[in-house]
Structure formats: C-alpha cells, structure tokens
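Enquirer: Spelled out, the chains give:
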Amino acid sequence: EDQVTQSPEALRLQEGESSSLNCSYTVSGLRGLFWYRQDPGKGPEFLFTLYSAGEEKEKERLKATLTKKESFLHITAPKPEDSATYLCAVLYGGATNKLIFGTGTLLAVQP
Amino acid sequence: DTEVTQTPKHLVMGMTNKKSLKCEQHMGHRAMYWYKQKAKKPPELMFVYSYEKLSINESVPSRFSPECPNSSLLNLHLHALQPEDSALYLCASRPRANSNQPQHFGDGTRLSIL
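Which chain is which? The protein sequence lines are V and X, in order. According to my numbering, the residues represented by the first sequence are 1 to 111, in order. According to my numbering, the residues represented by the second sequence are 1 to 114, in order.
Here are the simulated BS3-like cross-link-like pairs (lysine-lysine), alpha carbons at most 27 Å apart as the crow flies: (1) Lys53/X with Lys36/X; (2) Lys41/X with Lys69/V; (3) Lys38/X with Lys98/V; (4) Lys69/V with Lys40/X; (5) Lys9/X with Lys42/V.
Just so you know, the hints here were simulated from the structure itself, not pulled from any lab data.
So here's chain X without its partners, still in its complex pose (with noise of 0.2 Å):
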C-alpha cells in the first residue's frame, strides 16, 4: 500500500466539464509533486509544491490548475480539457524538494476525455 492516497482512482469526463484530483499524504513532506504519464512512457513533470508554494510549473496549460491547501493535501482542478489530456496522473511527494532522498508516488489517477 503507498503512503501517498490519490482519489479518485478513474475519472471520466466531457470536454467541458469541470473535475478535480486529489492528493494526500501524511508522512510529514514538505515538497509535492504533480507528473502526468502516457501509456509507455516515463512520468512528466508537470508541477512542484514546496512548503505549500508553487516552485515549478513546467509551462503547463491554464486548463490545469493546481492547488495545495495544506501540508498533506494537494489538488488538481481541471477545466476544459482536450482528448489529449487523457492519461495517468501521478502525485509524489518527499522530505523537501532540495534533499537528495526519493520521490515516493501514489498510485494515480486514470483521467479518460470524451
């Protein structure tokens, strides 16, 4: 079981709706981590949270949102999204976003656009 709870765990949505995923992690990290993976290919950066500000944003679109309300918790909000978007998204998280120790993942979100 991972340490890091990503709901819900499939998502289906129309183009113009509005949805969000959720993060939460309990292990006491101050840096968290939104990735979006394709089938059979690596994890790509999307956005970084450190002590709840955004640090990174690796020049994704606006129709992305993210959020991080507390320590624990991290959200996605979607708006708009194009068949595209559909893929996994992953939440990590770890220590501290400058420390040397390991991402740990929680185990997605399968997102499906119709």
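Same shape as in the complex, but just chain V (with noise of 0.2 Å):
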C-alpha cells in the first residue's frame, strides 16, 4: 500500500537543541518530495523539493535530504519562529501523478 509516515508525532526542543525529523514512504515511481512548513491557521507553506536520492536543499535552519525510502528535515540551532507543524508530501505515479500527504510533525522550540 502507498504509504508516508512522518516521525516524530510532535518534538519539544530547547532553542539553539538541533534535530531531524523523518518522512518515510512506501510508494511505486517516486517523482518528488516536498516538505512544507504550517502555522496555526494558515496554509502549508511550500519548502523544498527532492527529486532523487542523494539530493540535498538548505534554507537558513533547515537542511532536508532524501534517500530511496525517506527524507530527513535537520533543524540547525532552531530559534522559537520555527515551532510550526512540518508536512512532507510525495508525489507519485505515472498518469495518474498523485499527492500523498504525511501526518506532519508538531515542532514546538522554547526559548
């Protein structure tokens, strides 16, 4: 079955405390991965794109990188503003080209 798991559910990290949070998935004919950033409220906020394995993307904190079963988003030295749930999604298929959405991870950074 055509699956993607994101993992941790939620973490709590200390400001400046780095992480990763995973994105595994079971599909047929991978044509992308995207992460997505979502605060309280508003919509996902597109992030980054991984189309092969051994693809690497960095923005400010975030580091996301991609093998043939999963993607890691490492959070550098995070600061409060990146609390927010964080949403891989990934793409599929030929034809048929379908979304798959993760569970998210719930990202909470005390100061």
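Fit chain to chain and form the complex, with the hints in mind.
Expert: This is how it looks when you write it as structure tokens:
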C-alpha cells in the first residue's frame, strides 16, 4: 500500500538544540518529495523539493535530504519562530500523478 | 505573503445557507486544487481542475460544487452543509497537473457550520 509516515508526531526542543524530522515512504515511482511548513490557521508554506536519492536542499537553519526510502528535515540551532507543523508530501505514479501527505510533525522550540 | 489568495478568511453559516469560497492565483498555473483539512490532520484532496476542466473528484458529496470560471479563478459553492463539514478549506495551484513541481497553497477559509 502506498504510504507516507512522519515521525515523531511531536517534538519539543530548546532553542539551539538541533534535531531531525523523518518522512518515510513506500510508493511506486517517486516523482518528487516536498516539505511544507504550516503555522496554525494558515495554509502550508512550501519549503523544499527533492527529486532523487542523494539530493540535498538548504535554507537558513533547515536542510532536507532524500534517500530511496526516506527524507530527513534537519533543523540546526532552531529558534522559537521555527515552531510549526512540518508536512512532507510525496508525488508518485505515472499518468495518475498522485500526491500523498504525511500526518506531520508538530515542532515546538522553547526559548 | 502567499501568491494564492483565498476569500473569505472566515465563514460561519447555517445548514440551510448557500455560500461560496473563492480562490485566485496569477502565476499562470493551469492546475488548481481544493483540499479540506481538519484539525491536526493533513490536507485531504477534494477536487482537481486542469486547464479549467474538472479532472478529479474524490467522491465529494454534492453539497460541495466546484467551479473554474477561468484560468485564474476557482470557486467552491456550498449548500446544505453538515456540522462535520466544518474545517479549513485550502486552495492550491501548480503549473500543470502532470508536472513534478510543488503545489502552492493559499491560507485557506476557516468554515464553521452551525
């Protein structure tokens, strides 16, 4: 069954305490993996696209990596403003071109 | 600021009312999407429009009626909704339905059914 799983469900960090969020997937024909950030009451904000194993993307304190089975979102020295829900979404399939969202990781960074 | 604009931001309606949600994008995208999102859950796909034609309806009840008047606009007409339809309704767009590029989301309409 095609599936996207994110872990942990929730993560509490102290400001400056680096960590990683995981997105594992079992789909046929990966076409792309997307990371989004969602603040309460807002729509998902696009962060990164990864297309092939070994690819890495970086933006400020965030770095996304991709293997054949999972993606990591590394957060280096987080700040309270990094608190949000982080969603990954996997695009797969040929003509059907389906997108599956993971259930998200709720990140809280305390000062 | 998002490049996909949704109005209204909040909507409260009774079960017998008729209302519409509006979504607008000026990025030249030809694929537009409606999602429903409940609290602490990921977005659930409702409808996909490709080149102004409905291409996917994820078995959504007929009390939700989508419309795409032109390549920049997407509407969702609501009628006789149920309390369980209360949710955040998100619109998204991307260049083409079969592209590998990400979807870009609006900030949604928070809908409450009394």
